[in-house]
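Student: Please work from the sequences and hints to get the whole structure.
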Amino acid sequence: MMLQLEGILQALNAGLLLGAHYGLMCVGLSLIFGIMRVINFAHGDFMMLGMYVAFHLFTLLGLQMVFGSAAGPFIAALLAGPVLFLFGYIAQRFLISRVTGTRIGSLEGEGHYAQLILTLGLSLILQSGGQILFGSVPVSIPSDISSTAWELELAGGDVVVFVNQARAVGALIAVAVVALLVLFIGRSRLGKSMRAAADNVQAALYMGLDVDRAHRITFGLGIGVTAIAGGLLASSYPFTPYVGLEYVIIMYAGVVLGGLGSTLGAFWGGLLIGVIQQGSALLLPTQLQNTAIFVVFLLVVFLRPQGLLGRSAERT
Amino acid sequence: MLEIEDLQAGYGGSPVLKGVSLSVGEGEFISVVGPNGAGKTTLFKAVSGTVRPSAGRIRFGGTDLAEVPVAKRPHLGIAHVPEGRQLFPSLTVMENLEMGASTAAGQRDWARNLARVLDWFPILAERRNQLAGTLSGGQQQMVAVARGLTSAPKLLMLDEPSMGLAPAMAEFIFARLVEIHRESRLTILLVEQRVAEALEFADRGYVLEAGRIVLEGTHAVLSADDRVRQAYLGM
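The listed protein sequences correspond, in order, to chains A and B. FYI, the numbering used here numbers position 169 of the first sequence as 174, with every residue one higher than the one before it. FYI, the numbering used here numbers position 165 of the second sequence as 226, with every residue one higher than the one before it.
If you are wondering where the hints come from, they were derived from the structure by calculation, not from laboratory data. As the structure is a computational prediction, the values presented were derived from the model and not from experiment. Treat the hints with caution; some may be incorrect.
[Unchecked claim] A few chain B residues that face chain A, going by a derived Cβ cut-off under 10 Å, partial list only:
| no. | residue |
| --- | --- |
| 1 | Thr111 |
| 2 | Val131 |
| 3 | Gly161 |
| 4 | Ser212 |
Beta carbons are placed, not taken as given, at the ideal position from N, Cα and C, and that holds for glycine.
Tutor: Given below as structure tokens:
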């Protein structure tokens, strides 16, 4: 009985910590997919790029020396955010803007076909380019606390839950970044104009908003935030240039679970996926973990298509 | 304030406006009426910049608008309240109004303009935190007009504000427009299919048919014209 309880609590704890990382990733995609309505196939690959940026900041650029091996990986992950923001901003400026925003009026299917092809192409370029640049040997950004845990003794010491320190720190950072971002999107004038530009491009133009700039910032933020999530994960998980594929599916599932267009909803979606994934390990073999995600995903699409936290306001 | 000379515009080579000239003076309330497909909306889009004229000239307060990109025109003082309202549905009423106040003048006078707008449309104060997409059609139209006003415009252009509204609601909107014009002396350019009301309240009116102005004049002149009486006023 106690053993079972211990297993459940352990899985819940692992799921919540990992889920917070997923949540941050999903929030990044939600800005791009949920708010801008751009289907970004390359989102996972942008995250991969963020992981390698964090890795090289840590090793080559000497963050390890400056901040030590315990805090260094987390600072590297945070710094990968602005770097990838810039990358996303430029990608939107020169590439994605051709199939989104003020241009979609003239494109078939609101530009979705063109977006699919463009971002799929970007994804392939990033994967293959990554392999040329970074090689295919898995790397990671281990922190000194990656394999240490706090022991939580519950029920008078009968139940012990191990809380991985690196993942706990990562989860806390993820939650903090999400909170800041939700405040920014919800409250700041720039955040509101990003949502307005995504809601109705033409009306935003009539209001005199700089729609193209709003889209560049949204795309940059979406990529940057996901890069931070990737960097944080990299302290526990090794990665290769093909890591994006594993996560992009989780990200889309999380965004749809949380409800399109809801930034906070995407976070809960990601968190839920973490819990389902780790929880299913109690019952299912590891290979079937992602199957469990999709069973829940299909159930949500079937029973509550607007997502768990979806808003019912129709978009025009 | 607004001078349009021999304007021609259309979509993909098929002309909609075939040489339209009209002028709006400061403080005037001008109505443009005409049947569906006459080019009323295209006229507005050419002024706000989402349709590019193929010939002719649009001047606003002495500036040639051909040189001014779309997103800069609101900052000159042109507020376009588009056909079909075009709100930001997933933003709240208040956020929609804030987006209206994206111009320098709108930001400077935000508090004063907001108070006036909520005075004209008190229901919006009640619904301030509701998502605009969940409002009724009439309330959405109020948000659209209010959003135009919070930009502190010099010229308010309204494209079919009565479209899709119940008659009582349309009358309410018209009454408010008249009140707004009277109290603020704001220059208003109105495009409408409800010809009787549109001409009644306007200082002057233009009749647009098949891309051309066929008649212009004061309310008295237009409503005395047999064609207008028969075609639009049903008399």
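Student: Hint by hint, say whether it matches the structure.
Tutor: Hints versus structure:
no.: 1; hint: Thr111; in the structure: holds (6 Å)
no.: 2; hint: Val131; in the structure: holds (5 Å)
no.: 3; hint: Gly161; in the structure: holds (6 Å)
no.: 4; hint: Ser212; in the structure: holds (7 Å)
Violated hints are absent here; each numbered hint is respected by the structure.
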